[in-house]
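*Asks:* Spelled out, the chains give:
There are 2 protein chains.
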Amino acid sequence: MTFTFDQEVTVRPLGDDRFEAEVTDHWNIGDNPNGGYLLSLVIRALAASLPHPDPLTITAHYLRRPELGPATIAVQPLRAGRNLSSATAGFVQAGTERIRVVATFGDLDRSSGPTELRQDRPDLVPPEQCAKRPEGFDPFPPAAELLSRVDVRLDPTTGWLQGEQSGLARNDGWARFSDGRPVDTLSLPLFADAFPPAVYGLVPAAWVPTVELTVHVRARPAEGWLQGSFETRYVQNGYHDEDGRLWDSTGRLVAQSRQLAVLLLP
Amino acid sequence: MTFTFDQEVTVRPLGDDRFEAEVTDHWNIGDNPNGGYLLSLVIRALAASLPHPDPLTITAHYLRRPELGPATIAVQPLRAGRNLSSATAGFVQAGTERIRVVATFGDLDRSSGPTELRQDRPDLVPPEQCAKRPEGFDPFPPAAELLSRVDVRLDPTTGWLQGEQSGLARNDGWARFSDGRPVDTLSLPLFADAFPPAVYGLVPAAWVPTVELTVHVRARPAEGWLQGSFETRYVQNGYHDEDGRLWDSTGRLVAQSRQLAVLLLP
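Going line by line, the protein sequences match chains A and B.
For the first sequence, the working numbering gives the first residue as 1, with consecutive numbering after it.
For the second sequence, the working numbering gives the first residue as 1, with consecutive numbering after it.
Pulled out of the complex, with its shape left as it was, chain A reads as follows (with noise of 0.2 Å):
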């Protein structure tokens, strides 16, 4: 069985480390392609172009408003060594550039060394017991495409679910592909975006594009649901910082994500 993301992120190889991509309408959030979706083009030809498998760190600086068609992902290796190997590549759509990438990959499954994870993952009711997706009080269109490839469910105390501006900027909830395609390491940077903006507890924000999203896959994650959690602490001059944490069915850390983004209000 093929699954809708591996189809939708393929990307083809044209030499030279360059890749031909094609951005579809179906991770759409409002009008726009979501951040993560484009950002796992870019991945795939990262992973096609570096020896290593899994994205240990990655950021992505969106620079230009990308669109729907044709994509080239110029990559740029920039080191291979034993444990680590690390690459540029930028997103450029109508000979413009849309998304500049740096990302050091690794291979979880070789490395080795101490282990102390803090356990301070939030307690969180079933996903059967969360909010299958915010229709009225979230500001995009119910249709938002990408709400039906991933499925996203939050808690039901979620102050700004109900309209209430909290003062709590954090979205709790849980979140696994729609067709039950497993979630790896080359897709779990596409979770780190695709919760709602945790600043909607703030500020009746209209829309909040992201300048620069860094994300760390620190383990493989098991199958069955992520449990999510995603905070804004510092709102300062129309910029805000959006902290995510990942965690797989087992209780496990799978990412940490952090990103700058603009605050536009309605």
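Source of the hints: derived by calculation from the structure; they are not laboratory data.
None of the values given here were measured: they were computed from a predicted structure.
Hints are not guaranteed to be accurate.
Computed Cβ-Cβ distance ranges for the label pairs, DEER-style [stated by the list, open to error]: (1) B:Leu68 / A:Ala48: 35 to 43 Å; (2) A:Leu168 / B:Ser148: 39 to 47 Å; (3) B:Leu14 / A:Gly251: 47 to 55 Å.
Backbone N, C-alpha and C fix where the C-beta goes; we use that ideal spot for every residue, glycine too.
Fit chain B to the known structure of chain A by using the hints.
*Replies:* Below, chain B without anything else, positioned relative to chain A:
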């Protein structure tokens, strides 16, 4: 008066957004130039190539061990918009790229929008009551050059200063330039990498080479001491995160940082 930092992070333009720099041992930790100091050289080159003054978000991937002596910084501008401009840069020595950086600059004087800051700055005794410099328990030679240029004071209750692995991997303290140079947005990233590794509170690490460091500069600092809080939450298979926050003397958050680093045991 010319301050040490400004003298030592000077870069000379070679044309075509290429710059020449000199790596001195004056900012060493042990035998290695501090990563924040090397990043400061790249920041100078970026600032000379981009139309905006403040590095809002900057990510460095440390690819290979740097050397003392000459370096070339090659900047590739990616976008110059009205509010934001972006570039990537390679830090090259002896024909080999050692550091790759991607950054987006803006102008914090011109940014505006809602401000809602979580008031979560830790209580801390004043700098005069803090530990001036960890000798003895610090695995680095007490003559670490960096510490004569950057004055870092640590909370005297910090467990590892007393040789305890307290289970809390957090360093709180104060920092400023030793020669009184005011901290500006171009030097804030140096302070995001000037505190001892927070992981000392968990694991008796010998060396913690940074894979990737991201700094968000959130505001122009007021004059005086910076307060810093740096914390490691997840040590996993030899990798760990370190999250940092810096506040200025008025208590305003001025920078956030996160790094992914390797943990090498003695």
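*Asks:* Which of the listed hints are not met by the structure?
*Replies:* none
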